[in-house]
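Engineer: Starting from the structure of chain A, add chains B and C where the hints point.
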Amino acid sequence: MGKKILSCLIVLMAFVLVTSVSAKEKVYINGIDANFPPFAYVDKNGVPDGFDVKAVDWIAKEMGFKVTHKPMDWDGIIPSLKARKIDFIASGMSVTDKRKQEVNFTVPYWVITQVLVVPKDSTLTVDQVFSNGNKVGVQRGTSEATWMKENLIQKGKNFVLREYDSSPLSVEDVVNGRIIAAAMDDSPAKDAVRKRPVKILGSFGMHDENFAYAVRKQDKELLKMLNEGLKKLMADPYWEELKKTYKP
Amino acid sequence: MPVTGKHVVDMMESVAAIKEALPYLLHGSVVTMGLVCGAMILGLTLGIFLAVGQVYGGAVLRSVIGVYVWFFRGVPLLVLLFLFYFGLFSLLNINLSAFTVAAIVLGLISSAYQSQIFRGAIVSLPEGQFKAARALGMSDRKSIFYIILPQALRLSIPAWSNEYSIVLKDSAVAYALGVMEIMARAHFVASRTYEHFPLYFTAGGIFLVLTYLGTKGLGILEKKVSIPGYTR
Amino acid sequence: MKMIRNSVLRVEGMTKRYGQKEVLKNASLTVNEGELKILIGPSGGGKSTLLQCINFLVTPDAGRVWLKGEEIIRTHKRALYAYRQKVGMIFQDFNLFDHLTALNNVTIGLVRVRGMHKQEALDKAVYELERVGLKDHIYKYPAQLSGGQKQRVSIARALAMDPEVMLIDEPTSALDPELISEVLAVIENLRANGMTMVMSTHHMGFAREVADEIVFLEDGCILETGTPDKIFLRAECERTRAFCSKILELYGNA
Chain A
1 MGKKILSCLI
11 VLMAFVLVTS
21 VSAKEKVYIN
31 GIDANFPPFA
41 YVDKNGVPDG
51 FDVKAVDWIA
61 KEMGFKVTHK
71 PMDWDGIIPS
81 LKARKIDFIA
91 SGMSVTDKRK
101 QEVNFTVPYW
111 VITQVLVVPK
121 DSTLTVDQVF
131 SNGNKVGVQR
141 GTSEATWMKE
151 NLIQKGKNFV
161 LREYDSSPLS
171 VEDVVNGRII
181 AAAMDDSPAK
191 DAVRKRPVKI
201 LGSFGMHDEN
211 FAYAVRKQDK
221 ELLKMLNEGL
231 KKLMADPYWE
241 ELKKTYKP
Chain B
249 MPVTGKHVVD
259 MMESVAAIKE
269 ALPYLLHGSV
279 VTMGLVCGAM
289 ILGLTLGIFL
299 AVGQVYGGAV
309 LRSVIGVYVW
319 FFRGVPLLVL
329 LFLFYFGLFS
339 LLNINLSAFT
349 VAAIVLGLIS
359 SAYQSQIFRG
369 AIVSLPEGQF
379 KAARALGMSD
389 RKSIFYIILP
399 QALRLSIPAW
409 SNEYSIVLKD
419 SAVAYALGVM
429 EIMARAHFVA
439 SRTYEHFPLY
449 FTAGGIFLVL
459 TYLGTKGLGI
469 LEKKVSIPGY
479 TR
Chain C
481 MKMIRNSVLR
491 VEGMTKRYGQ
501 KEVLKNASLT
511 VNEGELKILI
521 GPSGGGKSTL
531 LQCINFLVTP
541 DAGRVWLKGE
551 EIIRTHKRAL
561 YAYRQKVGMI
571 FQDFNLFDHL
581 TALNNVTIGL
591 VRVRGMHKQE
601 ALDKAVYELE
611 RVGLKDHIYK
621 YPAQLSGGQK
631 QRVSIARALA
641 MDPEVMLIDE
651 PTSALDPELI
661 SEVLAVIENL
671 RANGMTMVMS
681 THHMGFAREV
691 ADEIVFLEDG
701 CILETGTPDK
711 IFLRAECERT
721 RAFCSKILEL
731 YGNA
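Chains as they are written, first to last, in the numbering used here: chain A, 1 to 248; chain B, 249 to 480; chain C, 481 to 734.
So that you can see chain A by itself, here it is in the shape it has in the complex (with noise of 0.2 Å):
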């Protein structure tokens, strides 16, 4: 009875060690927030999609290589991008003079202004919302989120500043009531608004920024490829049946 039990765990742990080892022939990993809608999420049958997801797939046609994308946790996404789990980001990322210091970027696909995001039946103005120690919701780990924290909160505006893990889970709160607004990108603010009652309410001071994919400083070869690749896509008419598609 042992032996079997025995044996039986041998072929278990080895059918879990044998699943995880990666495959022989270099596909490259492009890593995706799948909390990211329109740019990237995941199909009701578990497929990532998203304008980013088509976009890079078209991409990789063009260019010639096999790509897949994996999701993950948009915090840890550049150190996973250093420690070599994934190939490059192609995910609604903005480019940042910090993002600069730690990894290269293509050209910019995209510009993105970043808004408030209200309940439907909300009467606040931007002024208003930053103020009387309101909360505000933002995704942990993004340019807005680091934006307000050094522009707002430290020029002394009175509001607190509530991280979470994805844009829709902020919109959530604004929509219980837990927080009164929700700063986010453009893009998953329209997406937000077809979906729950809330409005947009406009943008609250900050730049507009770009789009690009970021890649490793040491891969240059890589970072060519991509930027030929996107350029050939903007030029190409299935860019506006992405836009048509995915109305980012």
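Just so you know, these hints were derived from the structure itself, not from any lab.
Pairs of lysine-lysine, DSBU-like flavour, derived with a Cα cap of 35 Å:
{"#": "1", "chain 1": "C", "residue 1": "598", "chain 2": "B", "residue 2": "379"}
{"#": "2", "chain 1": "A", "residue 1": "120", "chain 2": "A", "residue 2": "244"}
{"#": "3", "chain 1": "B", "residue 1": "267", "chain 2": "A", "residue 2": "120"}
Cβ-Cβ distance ranges computed for the label pairs, FRET-style:
{"#": "4", "chain 1": "B", "residue 1": "254", "chain 2": "A", "residue 2": "245", "range": "28 to 38 Å"}
{"#": "5", "chain 1": "B", "residue 1": "327", "chain 2": "A", "residue 2": "134", "range": "27 to 37 Å"}
{"#": "6", "chain 1": "B", "residue 1": "327", "chain 2": "A", "residue 2": "240", "range": "41 to 51 Å"}
{"#": "7", "chain 1": "B", "residue 1": "278", "chain 2": "A", "residue 2": "208", "range": "39 to 49 Å"}
Anything over 12 Å on all C-beta distances counts as not near chain C; from chain B, calculated:
{"#": "8", "residue": "251"}
{"#": "9", "residue": "254"}
{"#": "10", "residue": "261"}
{"#": "11", "residue": "262"}
{"#": "12", "residue": "297"}
{"#": "13", "residue": "337"}
{"#": "14", "residue": "343"}
{"#": "15", "residue": "421"}
{"#": "16", "residue": "449"}
{"#": "17", "residue": "462"}
Source: prediction; values computed, not measured. Quick reminder that beta carbons are idealized off the backbone N, C-alpha and C, glycines included.
Structural biologist: Just chains B and C, lined up with the frame of chain A:
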């Protein structure tokens, strides 16, 4: 609060969202169980060695094991996951998937707890068991393997079942490394559909079912290996 | 003419200290082939300790042991294990392996220590269990056996290893009165078949009947040795006389 038409529509939407997401979530339970099994097995084998070392080993071995147990019981799971994934394995240049790292870390932590379970069981056995084994001419290793462990492990099954339910719940934290287990999947679907509450509710339900099945299974195992009349 | 019997077991200078207390002081004895030597004395006098030092279950602070002329060095592990195979031990608390049936209690030593084949071990185990009268109980677990039956299993377990000498530590002290006789009967049977034994007991009547030599231990010292008649009727040492009279008073010819 009167139930309005909107509530009914909301509920129907929620139910539809759950139904649609269910296959995807259930596939996540395969990943979850993979994590749990890997962790429990690692915890079991390592835990037995640690327990035997702590009970029968020399002073140096016992202190080393003591430090190990203190470390893995004292540092939060999330911290250990990041420490190993981004830190240790990167430094050693070993490229392991998030799943493997999560299973290993969960296993190491569990081994620390399991070692204490087994240690307690071993120590609860009457001294005479070991004496009689030695008196027959058995080496210490044989005595431990044929006489002590078969009894100690049987005694440990209820506590081991408890450990299983803990590891199962802890496995959800692997979502932070990007492992596509139940929790991660619930979150992805929720981000797309904004049906956060129904989805987390369902995820919770799946965990409950897995806990129930596991503890039930271990209860059956306990009965199967039980010795008639054996009590301590 | 008295036959010169060979010495099977020789013990010299056994000493054991627990902290400050000296539990065994320089105890020595020799057991010849076929002899039954019985240790008597007050509880805590060192009888159990002496027996467990002989097979090094308890590590003595000083003392030497020879089995059939060969000295046993405790630190030579393999030699020690081989030695223990030849020395059968019976414990006061039986110490049967609780997770094994009576049958497996006997076979485990044969298979795992002596390396016998499973079938051969089974046959031998059944034979030994029959010898102690437990033919119908071989598949029972210790929890399902009475105290007397458990002790008889432990005797079968020890006998199966074909020992040169048996060390028997108060085999009936943990038994209900009605179960004592079945165990003593087995021991008497062993003696009749020529087994060399050292036994400690409180049963004076039994000791008187079957012992070849009685050894009186008190406070870790062997105060006196002699034939049963000598010890019980003409003891030299005053302590011996005091102990014996008290015991005979309490137990009579139990």
